[in-house]
Each structure stands twice: as C-alpha cells, then as structure tokens.
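For the protein sequence lines, the chains are X and U, in the order given. Taking this note's numbering, the leading residue of the first sequence gets 1, the next gets one more, and so forth. Taking this note's numbering, the leading residue of the second sequence gets 1001, the next gets one more, and so forth.
For the record, the hints were derived by calculation from the structure and aren't laboratory data. Just to be clear, a hint being listed does not mean it is correct.
Derived lysine-lysine pairs resembling DSSO-like cross-links, with alpha carbons at most 27 Å apart [as the list claims (entries may be wrong)]:
id, chain 1, residue 1, chain 2, residue 2
1, U, K1256, X, K92
2, U, K1459, U, K1413
3, U, K1131, X, K92
4, U, K1081, X, K10
5, U, K1293, X, K64
6, X, K92, U, K1216
7, X, K92, U, K1081
8, U, K1081, X, K64
9, U, K1090, X, K10
10, U, K1472, U, K1389
11, U, K1222, U, K1116
12, U, K1090, U, K1216
13, U, K1090, X, K92
14, U, K1244, U, K1165
15, U, K1448, X, K64
16, U, K1479, U, K1437
17, U, K1389, U, K1226
18, U, K1459, U, K1437
19, X, K64, U, K1289
These numbers come from a predicted model, not from an experiment.
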Amino acid sequence: MSLTADDVNKIAHLARLGIDKQDIDSYAKDLSGMLDLMTRMGGLDTAGVEPMAHPLDQVQRLRKDVVTEADQRGHFQAIAPQVEDGLYLVPKVIE
Amino acid sequence: MSTTWETVIGLEIHTQLSTQSKIFSGASTAYGAEPNTQACAVDLGLPGVLPVLNEAAVEKAVMFGLAIDAHIAPRSVFARKNYFYPDLPKGYQISQMDLPIVGNGHMDIEVDGETKRIGITRAHLEEDAGKSLHESFHGMSGIDLNRAGTPLLEIVSEPDMRSAKEAVAYMRKLHELVRYLGICDGNMQEGSFRCDANVSVRPVGQKEFGTRVEIKNINSFKFVEKAINHEVERHIELIENGGKIVQETRLYDANKDETRSMRSKEEANDYRYFPDPDLLPVVITEDFKAQVKTTLPELPEAKKQRFKDQYQLDNESATILTSSRPLADYFESVVVESKCEAKLCANWVTGELSAALNKADLEITDSPVTASQLAGLLARISDDTISGKIAKQVFEELWQTPDSTADSIIEAKGLKQITDTGAIEAVIDQIIAANGKQVEQYRGGNDKVFGFFVGQVMKAMQGKANPAEVNKMLMAKLKA
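The shape of chain X in the complex, shown without the other chains (with noise of 0.2 Å):
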C-alpha cells in the first residue's frame, strides 16, 4: 500500500504535528513501507494464535477505590501558561 502526500497531511493533521514540506516525500515512503511490512504479516497463517494487546504476560492490578491525592492545585497552576479563579485559561475552542 502506498500512501500520497495527502495522507501523510492528514496524518501529521490528526496528530497535531507541523512537518516541513520538503520531509513529506519521504514520510510517505517510509509509512508505507511500514504498511507494506503488515501486509505481509496479515498474510501469515494466524488461525490458533490468540491476539496480544499487550506484551507482557501478566494481568492488570486493580487499587483500592481510595482517595489519596490532596488538592495541590496551588503547585499545578504554577506552570500554567495562564490561570484565573482557579480554571485553567485555553484559547477559546468555541466561536
């Protein structure tokens, strides 16, 4: 499978990255051969081998439903880039 250069903007689009044009070229080569090498596994026989979604063979760890974390707004909105009666202040997401 072979990618063009508007998917690879839609890519770096959806995943919010700025990416210089002259790179895209490139981008596109190497995703699709990454796409090429799926492919190839998707070939493979697979029946009886069950799916991973996860490398380690163990099994979650649940905690108890406790509270432990104190307020420490104060330390967080330290680095803030802009705070004000407590919220956190973002460019308006909504006209």
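Knowing the structure of chain X, use the given hints to seat chain U on it.
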C-alpha cells in the same frame, strides 16, 4: 400514495459510576468542588504518570453486566481514543473498543401494557473528560479538570426501539436499574446519567436501516422524547420532499424544541484507537464474578413480582412502590411496623405521602414523616381509633412536627373517634329536628339528601364520629 414510516432508535447512555476516587487515579470524584482542586497529576496527564485501575469501577461494571444477564468478558482491554480538545489533557481518552468488559445483554421494557425486550450490545468502562467554560474569560475558555478521570460506564443498546415512547421507557428502566444496583446516583442535573440517541427512519417493511443521525447529550426524559420526535419529523419531511439525510451529530435545543447540526468536522470520527500500552488486560475470574454476584440486591423486576405475590398489590401500586429502592424499603418498613393490611400502607405511601413529597419537592429519603411515624398513624386507622379523614389531619401534623407520634397528636388534639352510640344518637336527633324540610325530601324519595345529613352530623361532631356508625344510625332514624 404516501409512505408509512418506521422509526428506529438506539441509545448510548453514559452513567457515572459512584466511586470515591477516579477510575485511574486516587483523586476524589465528589461533585461541586472548587475548580481543579480534584485534578491530580494523573488526571492532568503530566509526564511520567501511570494509570492504575480502580477495583470498584470494575466491580460496578460487572454488577451491571450480571443484572442484564450479559456476557462478562473474562479478558477486556483498554484502548486510547485519540482526539484533541482542551478538556482532555492527555490528547486521548482511555476507553474500551474491541474487548469491552460487558457484552450482549438485554432488558425488558413495558409500553402500553406490552412487554418488549431491548438488546444491550455492550457496556464499556472509560474515563470522563473535564469541563470547558466558554463565557466571561476575555475571549479565552476556562478549563476545570475535576471531572476528568471520573469513571463512566457507557451502555450501548441495539437499534431495537421503534418510538420515542419506547426509548424513554428504556431510559427510565435503565435509570431505575443503575440506582437499584447502587452503581450510579442517577442525578441528571449533575450529569451522572447522560443520553445520546441514534435516530433513523425507513419505510415500513424495508429491511435496511435509513441513514442515522446522532443527537447528543439529552439530559432529561422529557427532552429525549421531544428531541427524538422532532428529529423523526425532520427526517420524514426531508425525505418526502426529495431530500437526503446526512449522517451527522446534532444538538437538541430545548428552548426552541429543535435539533441543529454541530459543525461537522470531517476527521472528527477518526479516533485512531489502539490498545493503551499503560494498562494491562483486565482479567475477570469466575471467583471475582461469583463474589460480585453475592452483592447484587433484589432487582426491580423481582421485587415488583414479590410485592404482587406477598402483599397482593395490583400492578400499578407494585410498579410505583418498586420504582426506587428507598421507596420500596420505606413501604416494607411501614407494613412491618404497623402490622396493617399492605393495601392500606400502599395507598398511603403512593397517595398522601407521595403527594406531600412531590409538593415539597423532596425525595423519600428526606421525608419529614418517617416510616415508623406513618406506621403509628396507620395502626390507629386500622384499630378504628381515628377515621381516614381525621388521619389526613394527623398526617399534616406529623409532617410539620418533628419527633411527634400519631398517638401524641390524637391525644393532644382530642381527635379520637367517637364510637359512643349515645353521643352520636343525640346529635342525629338534633340535626333531624332542625332540618324538617330535608327530612321530608328524603322521605319523599330524594336519596341524595342523605349525604347532607351525614355531612351535618360529621360537622357537628368535628369529624370525629365513626362514619360507619353514623351511616347506620342515620339510616335507621330517617326510615323510622
């Protein structure tokens, strides 16, 4: 020739699980705190933090699965749903995609006396996002991340509903169930129970579904019905005028009673899910399931049936009394403590008490009249100490006077019913003597005048005469 249309509805309901701490962090989930005072490093998505799953969230999800007779996945996996929005600090929401914790259950609803089974496709665990405030920050948005990381169980139905009425019945039933189970407080104003509706129409008889539209965040039962009905009308009108439905997300505007398109971002649905490498697969063992099963309360359906069998209640009373666990418990306490007929208890709880609670906008748990107080009152009706009418007066006193008892009120106000036939007879004689004209009318065949006499006697005795006795004696005197 006009086409007859069929409506097809599926609901996605987000229930906030009532845990103390968040799904992946030890920050509090309490509602109403100062902004960002309950948003810890994990909730903020600061570098270097790792999520650790809350056991109670898993238990509550399993409880729900067991209650709807669903498949509980022995192994479920968390995935990242990627999108950018300021109230989602990590740039992804931890959710479940391919392997949800609960799959394939069902729930029966009742509409117009008919029972219908609604399929539940799946229910999965995920974290909630924070809140954005768009007003009054000089052109900026304010972000409160207290809600970020609150555990949600998203419950997805099959497209099995065929009318707004069915959709509301399903939503109500689910609301009742999660509160029974104690896994969600069901508070719709605070957003603990939120609904998105997928709506489409198709000509009756057509197999394929029409193009569907998703209506977002409808936060009351009334609005769900209105929003769906509005949307169905819009679809039919559009199609019949030669238009086409566009698959999109719309918002319901309750003030205008209409839905409107949310700006459709082409890539909005490209969430690029992938398994979250920070979280291992969740394994539910048979032991875990069995242990959760022992914590399941009696479910609404079973309780309703038991109320009908054990207390000989009709379907309507049993339905009302089992609509919430506290109400059902209250009723049963009254029955046990008063030792009265269950029917009398049911009438008072669904009648006088519910009316008073509605009027004062109170929940049963905040009732000023406790089950013991009401039981004390009903016992006095049962043993003929007071009439039903006087009982309403005593009830009002109980309502207004904390720590009072029916007995003390009856005593203090001298409300005890008069069963002394001599006293009643004397009053009857007076009334008959004073109303010669009405006596003639009655004896001339006008039976309606009888009520006048009863009223006069009761009035003269301040309502305290035993009504059955008054009727009997009046009848005898007037016939004489």
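The hints, checked one at a time:
Taken as a hint, the K1256 (chain U) and K92 (chain X) pair is honoured in the structure, with Cα atoms around 26 Å apart against an allowance of 27 Å. A threshold of 27 Å between alpha carbons decides the hint, and for K1459 (chain U) with K1413 (chain U) the separation of about 16 Å falls inside it, so the pair holds. Distance restraint check for K1131 (chain U) and K92 (chain X): the Cα-Cα separation of roughly 13 Å lies within the 27 Å cut-off, and the hinted pair is therefore satisfied. Restraint check for K1081 (chain U) and K10 (chain X): satisfied, since their Cα atoms lie roughly 17 Å apart, inside the 27 Å limit.
For the suggested pair K1293 (chain U) and K64 (chain X), the alpha carbons sit about 19 Å apart, so the restraint of at most 27 Å is met. Between the alpha carbons of K92 (chain X) and K1216 (chain U) the distance comes to roughly 21 Å, so the proposed pair stays at or under 27 Å and holds. Taken as a hint, the K92 (chain X) and K1081 (chain U) pair is honoured in the structure, with Cα atoms around 23 Å apart against an allowance of 27 Å. In summary, the hint linking K1081 (chain U) to K64 (chain X) is supported, as the alpha carbons are separated by about 26 Å, within the 27 Å threshold.
The straight-line distance between the Cα atoms of K1090 (chain U) and K10 (chain X) is roughly 21 Å, inside the 27 Å bound, and the hint therefore holds. For the suggested pair K1472 (chain U) and K1389 (chain U), the alpha carbons sit about 18 Å apart, so the restraint of at most 27 Å is met. Between K1222 (chain U) and K1116 (chain U), the direct Cα distance comes to roughly 21 Å. Compliance with the 27 Å bound is thereby established for this hinted pair. Distance hint between K1090 (chain U) and K1216 (chain U) is fulfilled; the C-alpha atoms sit about 23 Å from each other, no more than 27 Å.
Between K1090 (chain U) and K92 (chain X) the CA atoms are separated by roughly 18 Å; this keeps the pair inside 27 Å, and the hint holds. Note on K1244 (chain U) and K1165 (chain U): the hinted pairing holds, with a Cα-Cα distance of about 26 Å set against a maximum of 27 Å. About 72 Å separates the Cα atoms of K1448 (chain U) and K64 (chain X), which puts this hinted pair outside 27 Å; it is violated. In summary, the hint linking K1479 (chain U) to K1437 (chain U) is supported, as the alpha carbons are separated by about 15 Å, within the 27 Å threshold.
For the suggested pair K1389 (chain U) and K1226 (chain U), the alpha carbons sit about 41 Å apart, so the restraint of at most 27 Å is broken. Between K1459 (chain U) and K1437 (chain U), the direct Cα distance comes to roughly 19 Å. Compliance with the 27 Å bound is thereby established for this hinted pair. A distance of roughly 17 Å separates the Cα atoms of K64 (chain X) and K1289 (chain U); the hinted pair therefore holds under the 27 Å criterion.
This entry does not satisfy hints 15 and 17, going by the numbered hints stated previously.
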